[in-house]
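If you're matching them up, the sequences are chains A and B in order.
Quick note, the first sequence lines up with residues 12 to 371 if you use this note's numbering.
Quick note, the second sequence lines up with residues 12 to 371 if you use this note's numbering.
Treat the hints as calculated values from the structure; they're not laboratory data.
Hints may contain errors.
It does not matter which identical chain is used: a pair holds within one copy or between any two.
Using 20 Å as the maximum straight-line C-alpha spacing, the simulated EDC-like pairs for lysine to aspartate or glutamate come out as follows [to be verified]:
| no. | residue 1 | residue 2 |
| --- | --- | --- |
| 1 | K121 | E229 |
| 2 | K118 | E229 |
| 3 | K353 | D267 |
| 4 | K358 | D287 |
| 5 | K55 | E328 |
| 6 | K118 | D151 |
| 7 | K296 | E317 |
| 8 | K115 | D225 |
| 9 | K118 | D226 |
| 10 | K115 | D242 |
| 11 | K196 | D178 |
| 12 | K118 | D225 |
2 protein chains.
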Amino acid sequence: MGRVYNFSAGPAVLPEEVLAEAAAEMLDYRGVGMSVMEMSHRSKPFAEIIETAEADLRELIGIPDNYKVLFLQGGASQQFAAVPMNLMRNRVADYIITGSWAKKAWKEGKIYGDARAIASSEDETFSYIPDCSDLPISEDADYVYICENNTIYGTKFHTLPNTKGKDLVADVSSCFLSEPVDITKYAVMYGGAQKNIGPAGVVIDIIREDLITDDVLEGTPTMLKWKTQADADSLYNTPPAYGIYICGKVFKWLKDQGGLEAIGKRNEEKAAILYDYLDQSKLFKGTVRKEDRSLMNVPFVTGSDELDAAFVAEAKEAGLVNLKGHRSVGGMRASIYNAMPKAGVEKLVEFMDGFEKAHA
Amino acid sequence: MGRVYNFSAGPAVLPEEVLAEAAAEMLDYRGVGMSVMEMSHRSKPFAEIIETAEADLRELIGIPDNYKVLFLQGGASQQFAAVPMNLMRNRVADYIITGSWAKKAWKEGKIYGDARAIASSEDETFSYIPDCSDLPISEDADYVYICENNTIYGTKFHTLPNTKGKDLVADVSSCFLSEPVDITKYAVMYGGAQKNIGPAGVVIDIIREDLITDDVLEGTPTMLKWKTQADADSLYNTPPAYGIYICGKVFKWLKDQGGLEAIGKRNEEKAAILYDYLDQSKLFKGTVRKEDRSLMNVPFVTGSDELDAAFVAEAKEAGLVNLKGHRSVGGMRASIYNAMPKAGVEKLVEFMDGFEKAHA
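With the hints as constraints, model all of the structure from the sequences given.
Right, dumping it as structure tokens:
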């Protein structure tokens, strides 16, 4: 068969144009006579690739000069340790627990100090975002931590928490570059590339410069110290070069789409098609409190395990793949990242509607 | 122009067949309807990719069941910290300093305990391997550490050190899979993929099982604890999936070439072409003590900075690229990894000979 509509939560769909370009350049990158995979990371063509990627990312988000952009490895899971190792000078930090990934980050934080869970939505299977307007922020907290979009549960912080002046650290893996964002509200924003940005194996950190220092926790590995890579423009050692190259192509593609304003509008339209259908469906039901719904990850259920399974199987036959929900929520989940075309969402809703009628 | 002969020290040349296959599969991996970059790491096709890669690697080296194979991130530089964090129970380790990378590993080891430099060849710009038959191995050493092939200096341990019963840990980044190896002589063998195995962003650890425990140093990040990934078959979090896929293709290619016996023989032949020429040349001179020469990285000089620069520039024009030596040795360096065809080495020697005659 041809290309399917891939609703995977991550690694996830990438723009077809990006993949086609990468394929065409695989044996010979623009007349250099070799693949990007074979290039020294100190070579001129690669320097241009990584510098252009950073410049385009800065332009897309509007990153001011007092923020550093780092291309790192190890995924968000490794930043769960890097964040406290680089920031926990008072050995206190506040975590808002809105899902499994926030919880993992919190547990990792506890290795290094007093990581406090100051709010949680675990009581209702993380199906909402807690009220964060007046939380008991710790007076000596080094930072307040959130996972901004919760891939598994389909929630998103549409309003950032009131951190009462403390630095905000956000894992944005599953909503990176999905809409315009005011980076100055964040001290650290980071995310794994493999959902909205590129292949697995790249994590991008955007860090306010004053937080990048030698004053890290004792025992911090050189590679986890942000200053190591900041001083070397992400080239302290060999970076995940091919992944960065693909990310760079995605940044260009996002610019071609009109930038984050346009992308955000398109993502709202795409999500509305699915949520509007869910809200009137007699068979399918969204699992998330309406005001906290993610534009990227949309979980839904029928209420029957057999029907859920039948739906996932039949959808796959129809070229709509990876719709099985995460085991902790059950049912289905459609991840509709930047690269998922509107036509894919329309086809999904059409298929859901047909399934609903067949099972009425 | 077409493909060049790429003598880069890493990232480095990959087999053209591997790249061509990857290009052909970029938009649709074997009828799955998506790229490997877009695949969930929990999906069946990816499970098959990583399991086949591991099985082929085990077959190539002959890895017994009591060794685990891990596909990790962060390069060798991150393992410089992971090694002591996972192994330094007595807080003592012995390092043999044969180049910049061994030295970096040693310095990183000192963050975690008493890392002792028990031998060094720094006195002669690391141009030889010290006699390691009777070293002052520390009685309470948790391990003895070497960098087996020194990319920058072009030396290799042709005999492993006598560790007097202590566990041997070896960084084999630049000689990985270049010849047959008895893995049972090592406690830990690891290497970055970007020289002989695949793209940057993957590091492969082969670890004797009894060394993979929860008994790690306090403060070890979950992602640096080997047991985390060992328990999860390298899928604790999203792995560098596309890189692993390319590594897997290279393993298949190595098997097609006849395995490590055949590859080792070919690498000896290739290196001999270059070393034999150097040994009779009146212009070019190898920089390494003969008995310690690497099969992979061959540094050489003319003795004149201007001639060196002219050589590098003219070679590039002739399609022989990335021959500039590392600044700490100067001159030239030809990295002739597995994927460098014999024809590439022959062309290099032919070019050197022509250059020598022109400058006689």
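Here's how the hints hold up against the structure:
Taking CA atoms no more than 20 Å apart as the test, K121 paired with E229 passes in both settings, with 15 Å inside one copy and 12 Å between copies. In this homomeric assembly, K118 and E229 come within 20 Å of each other (Cα to Cα) both inside a single copy, at 19 Å, and across copies, at 15 Å. Taking identical chains as interchangeable, the C-alpha atoms of K353 and D267 lie at most 20 Å apart only when both belong to the same chain, with a minimum of 17 Å there against 44 Å between chains. In this assembly of identical chains, the alpha carbons of K358 and D287 lie at most 20 Å apart only when taken from the same copy (14 Å versus 66 Å across copies).
For the identical chains of this complex, K55 and E328 are inter-copy neighbours only, at 16 Å across copies versus 46 Å inside a copy, given an alpha-carbon limit of 20 Å. Proximity of K118 and D151 under a CA criterion of 20 Å is satisfied intra-copy only: 19 Å inside one chain copy versus 34 Å between copies. For the identical chains of this complex, K296 and E317 are intra-copy neighbours only, at 15 Å inside a copy versus 74 Å across copies, given an alpha-carbon limit of 20 Å. Taking identical chains as interchangeable, the C-alpha atoms of K115 and D225 lie at most 20 Å apart only when they sit on different chains, with a minimum of 18 Å there against 26 Å within one chain.
For the identical chains of this complex, K118 and D226 are inter-copy neighbours only, at 18 Å across copies versus 22 Å inside a copy, given an alpha-carbon limit of 20 Å. For the homomeric pair K115 and D242, the shortest alpha-carbon distance between copies (17 Å) is at most 20 Å, but the shortest distance inside one copy (29 Å) is not. Within a single copy, K196 and D178 get their C-alpha atoms as close as 9 Å, which meets the 20 Å cut-off; across copies the closest is 50 Å, which misses it. Taking the closest pair of Cα atoms, K118 and D225 come within 20 Å of each other only across two copies (16 Å); inside a single copy the shortest separation is 24 Å, beyond that limit.
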